[in-house]
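Undergrad: Chains as they are written, first to last, in the working numbering: chain G, 1 to 171; chain X, 1 to 493.
Hint data in this document are derived by calculation from the structure and do not stem from the laboratory. Warning: the hint list may mix true and false statements.
Unchecked claim - Cut-off 27 angstroms, straight-line C-alpha distance, at most; resulting in silico cross-link-like pairs (DSS-like, lysine-lysine): (1) X:456 - G:52; (2) X:456 - G:127; (3) X:353 - G:102; (4) X:200 - X:165; (5) X:37 - G:127; (6) G:61 - X:353; (7) G:17 - X:165; (8) X:456 - G:61; (9) G:61 - G:116; (10) X:184 - G:102; (11) G:96 - X:37.
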Amino acid sequence: MTRILWNGQENELKGLKLENGVLSAVINGETVTLPVMTGLDGRICSAVVNGKPEAVFATTKGEHTWLQMGGQVQRFQFSRGREGAGSEHKSDGSVKSPMPGKILELMAGAGDSVEKDQVLILMESMKLQVEIRSPFDGTVASCPVFVGDMVDGDSLLMHIAPLEQERVEVE
Amino acid sequence: MVTIDRVLIANRGEIARRIATALLEKGIVPVLPITEKEYSQAVAGFKDCRLVNSPNTIYLDSDALVALAKSENCQAVHPGYGFLAENAGFAELCEGSGLIFIGPPASAMDLMGHKERAREIAKSANVPPVPGFSIDGQSDLEIKKMADRIGFPVLVKASMGGGGKGMRRVDNPEALFDAIRMSKSESAAYFGSEDVFVEKYIVKPRHIEIQIFSFTGGRTVYVGERECTIQRRHQKIIEESPSPVVDEKRRREMGEAAVRIADSVNYIGAGTVEFIVDESLNFYFLEMNTRIQVEHPVTEEVFGVDLVAWQIEEAMGTVEAITQQELRGAGHAIEFRIYAEDPDQGFMPSPGKILLYQEPAGPGIRVESAVTTGSEIFADFDPMIAKVVVRGHSRQHALDRAKWALSNFVIFGVTTNREFLMRIVEHPAFQSGELDTSFIDHYRADLTAKQDEISKEMLLLAAALRKTNGNGGKQAAPGDSQDFYPPVNIRLP
Numbered sequence: 001m002t003r004i005l006w007n008g009q010e011n012e013l014k015g016l017k018l019e020n021g022v023l024s025a026v027i028n029g030e031t032v033t034l035p036v037m038t039g040l041d042g043r044i045c046s047a048v049v050n051g052k053p054e055a056v057f058a059t060t061k062g063e064h065t066w067l068q069m070g071g072q073v074q075r076f077q078f079s080r081g082r083e084g085a086g087s088e089h090k091s092d093g094s095v096k097s098p099m100p101g102k103i104l105e106l107m108a109g110a111g112d113s114v115e116k117d118q119v120l121i122l123m124e125s126m127k128l129q130v131e132i133r134s135p136f137d138g139t140v141a142s143c144p145v146f147v148g149d150m151v152d153g154d155s156l157l158m159h160i161a162p163l164e165q166e167r168v169e170v171e
Numbered sequence: 001m002v003t004i005d006r007v008l009i010a011n012r013g014e015i016a017r018r019i020a021t022a023l024l025e026k027g028i029v030p031v032l033p034i035t036e037k038e039y040s041q042a043v044a045g046f047k048d049c050r051l052v053n054s055p056n057t058i059y060l061d062s063d064a065l066v067a068l069a070k071s072e073n074c075q076a077v078h079p080g081y082g083f084l085a086e087n088a089g090f091a092e093l094c095e096g097s098g099l100i101f102i103g104p105p106a107s108a109m110d111l112m113g114h115k116e117r118a119r120e121i122a123k124s125a126n127v128p129p130v131p132g133f134s135i136d137g138q139s140d141l142e143i144k145k146m147a148d149r150i151g152f153p154v155l156v157k158a159s160m161g162g163g164g165k166g167m168r169r170v171d172n173p174e175a176l177f178d179a180i181r182m183s184k185s186e187s188a189a190y191f192g193s194e195d196v197f198v199e200k201y202i203v204k205p206r207h208i209e210i211q212i213f214s215f216t217g218g219r220t221v222y223v224g225e226r227e228c229t230i231q232r233r234h235q236k237i238i239e240e241s242p243s244p245v246v247d248e249k250r251r252r253e254m255g256e257a258a259v260r261i262a263d264s265v266n267y268i269g270a271g272t273v274e275f276i277v278d279e280s281l282n283f284y285f286l287e288m289n290t291r292i293q294v295e296h297p298v299t300e301e302v303f304g305v306d307l308v309a310w311q312i313e314e315a316m317g318t319v320e321a322i323t324q325q326e327l328r329g330a331g332h333a334i335e336f337r338i339y340a341e342d343p344d345q346g347f348m349p350s351p352g353k354i355l356l357y358q359e360p361a362g363p364g365i366r367v368e369s370a371v372t373t374g375s376e377i378f379a380d381f382d383p384m385i386a387k388v389v390v391r392g393h394s395r396q397h398a399l400d401r402a403k404w405a406l407s408n409f410v411i412f413g414v415t416t417n418r419e420f421l422m423r424i425v426e427h428p429a430f431q432s433g434e435l436d437t438s439f440i441d442h443y444r445a446d447l448t449a450k451q452d453e454i455s456k457e458m459l460l461l462a463a464a465l466r467k468t469n470g471n472g473g474k475q476a477a478p479g480d481s482q483d484f485y486p487p488v489n490i491r492l493p
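Whole structure, please, built from the sequences with the hints as guidance.
TA: See the structure below:
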């Protein structure tokens, strides 16, 4: 059984087969079939959707697979584990860089109390300035970066401790 | 005639490739500075060019560029667009060092480079600019009074600026001084000058520009217009020629106005005069760009000319001046700028590695780019990946081609605005040519990706393609095992 995560939604896929030009599998308990065309090297080049052949482009890196058909590109995350991986989205107070760039300004420092959505950091990436805001009301617990630092995407810039620890934990 | 056999391209990315090709067609060796970070990935795109490993700061370092051109035995320098392309000091330094600067004379660049002075030049050439004033040396009280006189909303702009940097719309007097302060600091950071000015904000404006070319000996021609109204963050993303609203009479009026401005500064070479056009199609001078533009290909496609080749021939002294009557446009061309950015997240840049890159090809499709599969889009530079230019016998034909070309352009690994551009192409207001510069903000809801469900067929395909196409079959992705995906039966036709 394969788990495929798309846009936070989890799907289960079993019994993938390609026979006589028809792709089939059981997805979320339902059998799905799709006529496809394969090239000389056995790769799937196109799929027939609503009677129309559509060119298909795909590439895989790590657990992600990118797929383009009918002009639309989609990204899927594959895994085989049991329990949900897509259920996060409660901030733990880590403020991370949304992309690689340079720290232009730090608007708060360790010990400062900050409000939800208050601008904490000004970054520059590709000549654009990006404001990074606080996920909730709290105090700055740590700030491991300095003005002028170049940072990678998804690196920790600040850690915010919530104002009312108990309430967050009760949820 | 001047012998030129090596030219330094003081630029990078797609425009460096565009210029390199034009040089190579004439048997000239292009020499390019490439930063260490980009060097290995640039080789694939510039294999027929001389590449010189250079520091990150090279593209803005006049002295280093001139030294490089000299040490590489170049006779000329092409600046491209952006970076030092409109820096009169750089042009002067080149000329002073015995290098031909492929662009207008430094004096013309200097006159047009300062927006306030350019407005005065336009006025004396009998081309009215948008009402406005410079804040230089004015007291806050005077600034407020003058802003009230031209009326809100106003636009605060960096005098030396371009590309929307340092530019802000202000709707009421209270917000004016904040906007001035921010524009000043951005202007200082990007253009090394704190000069800003304030002008009337035209409601529902279009941006329409005229391409001109001035040949040595005094003949200047206009090569039609480009409608550049579709913008995000004051930056153009779609440009077309001809404009859906400009007729032959208006084209001649705007063209002749642009030629008057160019001639009044003794312009030489390729240039663009930008106009802001109101709802009644009155046009006001905005600025003159003294360089080749990002969107020059749409003009080339419609008029069958090569503006970059003209620039080079002008520098060599071999260009044959063309007459206005000889320039006849045919059909319709549209350019789409593909950026590594996420339109659904406020056009936030999305740098990263390109996992798969495949350009569309076919009749009337031209793609300008310098990336390939495996290239990394770095945060240090503008996030433009490619330009897709389509040409058709009519606007509708060009739009049909655009849809096909954009949907068959594959860029995996970074988020791009490609699908956003497709939604613009399909939008009824764009199809009918009813445009103003707020188009993207105005139709934001229509242009936002709406997909809350994925079809099971897509899931099925993704799983199958992961098995057959993923990693080129060389090795399993981490977490995969032999029994993870069932074997696929391959049938040859």
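Undergrad: For each hint, tell me whether it holds in the structure or not.
TA: The hints, checked one at a time:
Restraint check: the Cα-Cα separation between residue 456 of chain X and residue 52 of chain G comes to about 17 angstroms, which is no more than 27 angstroms; the hinted pair holds. Taking the CA atoms of residue 456 of chain X and residue 127 of chain G, the gap is near 40 angstroms; set against the 27 angstroms cutoff, the hint is violated. Pair hint residue 353 of chain X plus residue 102 of chain G holds up; C-alpha atoms about 19 angstroms apart against a cutoff of 27 angstroms. For the given pair, residue 200 of chain X sits about 18 angstroms from residue 165 of chain X by alpha-carbon distance, which is consistent with the 27 angstroms threshold.
Under the criterion of a C-alpha separation no larger than 27 angstroms, the hint pairing residue 37 of chain X with residue 127 of chain G is consistent with the structure, at around 18 angstroms. Between the alpha carbons of residue 61 of chain G and residue 353 of chain X the distance comes to roughly 11 angstroms, so the proposed pair stays at or under 27 angstroms and holds. Taking the CA atoms of residue 17 of chain G and residue 165 of chain X, the gap is near 54 angstroms; set against the 27 angstroms cutoff, the hint is violated. Taking the CA atoms of residue 456 of chain X and residue 61 of chain G, the gap is near 22 angstroms; set against the 27 angstroms cutoff, the hint holds.
The hinted pair formed by residue 61 of chain G and residue 116 of chain G fails the criterion: a straight-line CA distance of about 35 angstroms is larger than 27 angstroms. With a C-alpha separation of about 20 angstroms, the suggested pairing of residue 184 of chain X with residue 102 of chain G holds against the 27 angstroms cut-off. Between residue 96 of chain G and residue 37 of chain X the CA atoms are separated by roughly 24 angstroms; this keeps the pair inside 27 angstroms, and the hint holds.
The structure is inconsistent with the numbered hints 2, 7 and 9, although it conforms to all the rest.
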